[in-house]
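Spelled out from the first residue to the last, the chains are:
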Amino acid sequence: MREQNSFMAGIKDGFPICLGYLSVAFAFGITAVNSGLDIWQAVLISMLNVTSAGQLAGVPIIVGGGTLLELGATQLIINLRYALMSVSLSQKFGKSMRLVDKFLVSFVNTDEVFAVSSSKGMDVGRNYMYGITLTPFVGWTLGTLLGAVAGNILPAIVISALGIAIYAMFVAIVTPVARKERPVLLCSLFAIALSCIFSYVPFLKENISSGFVIIICTIVASVLFALIFPLPPEQEEEVELDG
Amino acid sequence: MVEPVKFLLYLLVMAGVTYLVRMLPMVLVRKKIKNTFIRSFLYYVPYAVLSVMTIPGIFSSTSYLASAICGFAVALVLSYFNRSLLTVAASACGTVLVVELIITYLL
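Here the protein sequences line up with chains A and B, keeping their order.
Taken in order, the first sequence gives residues 1077 to 1319; the numbers are from my numbering.
Taken in order, the second sequence gives residues 2 to 108; the numbers are from my numbering.
Bound conformation, chain A alone:
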């Protein structure tokens, strides 16, 4: 099979992702600093995690003094989707991918990097993978730094407006799939109902912290729908795009 192994082609394919990340990471930087983290802490979180949903869920746990177990378990559940993507992407690697390349590339296997590189019509090689992970990584880090710094300078109304950016991106990831796939729509609505119960019902709302709410709701909804609406067996895994 042919192999795409050009570093510059990877850089180029990563560029639109980089632009998108700049804005979302900017919003994360603002959120993190407003929550009480220092600028260097926000940037370090972005550099070492490179994941929007996980970072957004992690900040309140860190700031609120949650346990390490809660933090770790939350990250595990929220980022579990990457396991699927890593398995799926590993099938697309050409012969040039060595073990050491997998150790490095998997570090930046985000939803968007996965979606773009796995939609290539041919195998992908190590140079290409380094290119397509580098640009988004730079965008993610730079965006966080700018947001964390600007968060102290920008007027409150602008910060308020940017606060919705990450959530809007989540909406943009779920909605198109929910529109096409009825089970995804139902699963999403069910998860939302659970989430609202934990957020508004007295006792639950005071006693269960944000990380565990995410874990409980996600596992219950996903297990339930995996049982009621399982994927058709032996079919190619669908490429999914998410936060």
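Some hints here could point you the wrong way.
If you anchor each label on the Cβ, the simulated ranges turn out as follows [said to hold, decoys possible]: (1) B/Leu66 to A/Ser1111: 18 to 24 Å; (2) A/Leu1145 to B/Thr105: 41 to 47 Å; (3) A/Lys1196 to B/Ala67: 24 to 30 Å.
Covered stretches of chain A (in silico footprint by chain B; criterion: 3 or more residues with CB under 8 Å from a CB of chain B, positions within the stretch not fixed) [as the list claims (entries may be wrong)]: (4) 1138 to 1152; (5) 1163 to 1172; (6) 1180 to 1186; (7) 1192 to 1204; (8) 1214 to 1224; (9) 1247 to 1254; (10) 1289 to 1299.
Once the Cα atoms are required to be at most 27 Å apart in a straight line, the calculated DSS-like pairs of lysine-lysine come out as [stated by the list, open to error]: (11) B/Lys35 to A/Lys1196; (12) A/Lys1281 to A/Lys1256; (13) A/Lys1196 to A/Lys1088; (14) B/Lys35 to A/Lys1256.
Worth flagging that the hints you see were computed from the coordinates, not collected in a lab.
Beta carbons are placed, not taken as given, at the ideal position from N, Cα and C, and that holds for glycine.
Position chain B against the provided structure of chain A, taking the given hints into account.
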């Protein structure tokens, strides 16, 4: 303010878990997952996670509930018509800004 040493401990756990989740499957799994339940479970996880994180969180992500509801509505409509992530996010921010300017200066 989070004390630096405590922060680094949090960071280590957070980044370590995130990396292992990404790295181990890529390095260890050589074949496709066949188990239907696991595949189905993993398929639903992202949508469930993002739904839980978005609602009701989005409604307290801005200064006013009204601006958040308007921003959410715009994001929902635009993404229903398959607009890009960037377009949806920017439009939601723009909507919040306009609504809050109206609330601040006209109401």
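Each hint tested on the structure:
1. For B/Leu66 paired with A/Ser1111, a C-beta distance near 20 Å keeps the hint of 18 to 24 Å intact.
2. At about 43 Å, the beta-carbon gap between A/Leu1145 and B/Thr105 stays in the expected band of 41 to 47 Å.
3. The given range of 24 to 30 Å is broken by A/Lys1196 and B/Ala67, whose C-beta atoms sit roughly 44 Å from each other.
4. Counting residues of the stretch 1138 to 1152 of chain A whose beta carbon lies closer than 8 Å to any beta carbon of chain B gives 7, which meets the minimum of three for the stated coverage.
5. Only residues whose C-beta sits within less than 8 Å of a C-beta in chain B count toward coverage, and the stretch 1163 to 1172 of chain A has 4 of them, enough to reach three; the restraint holds.
6. Figure legend: the stretch 1180 to 1186 of chain A, annotated as covered by chain B; annotation consistent (4 residues with Cβ-Cβ distances under 8 Å, at least 3 required).
7. Only when three residues or more bring their CB closer than 8 Å to a CB of chain B does the claim for the stretch 1192 to 1204 of chain A stand; here the count is 0, and the claim is violated.
8. For the stretch 1214 to 1224 of chain A, the proposed coverage by chain B is not satisfied: 0 residues have a C-beta within less than 8 Å of a C-beta in that chain, short of the threshold of three.
9. Residues of the stretch 1247 to 1254 of chain A with a Cβ under 8 Å from some Cβ of chain B number 8, which satisfies the need for three, so the listed coverage holds.
10. Residue count for the stretch 1289 to 1299 of chain A with a Cβ under 8 Å from a Cβ of chain B: 7. That meets the three needed, and the coverage hint holds.
11. Between B/Lys35 and A/Lys1196, the direct Cα distance comes to roughly 23 Å. Compliance with the 27 Å bound is thereby established for this hinted pair.
12. Between A/Lys1281 and A/Lys1256 the alpha-carbon distance is near 33 Å, which puts this suggested pair outside the 27 Å criterion.
13. A distance of roughly 13 Å separates the Cα atoms of A/Lys1196 and A/Lys1088; the hinted pair therefore holds under the 27 Å criterion.
14. For the hint pairing B/Lys35 with A/Lys1256, the CA-to-CA distance comes to about 24 Å; that is within 27 Å, so the pair holds.
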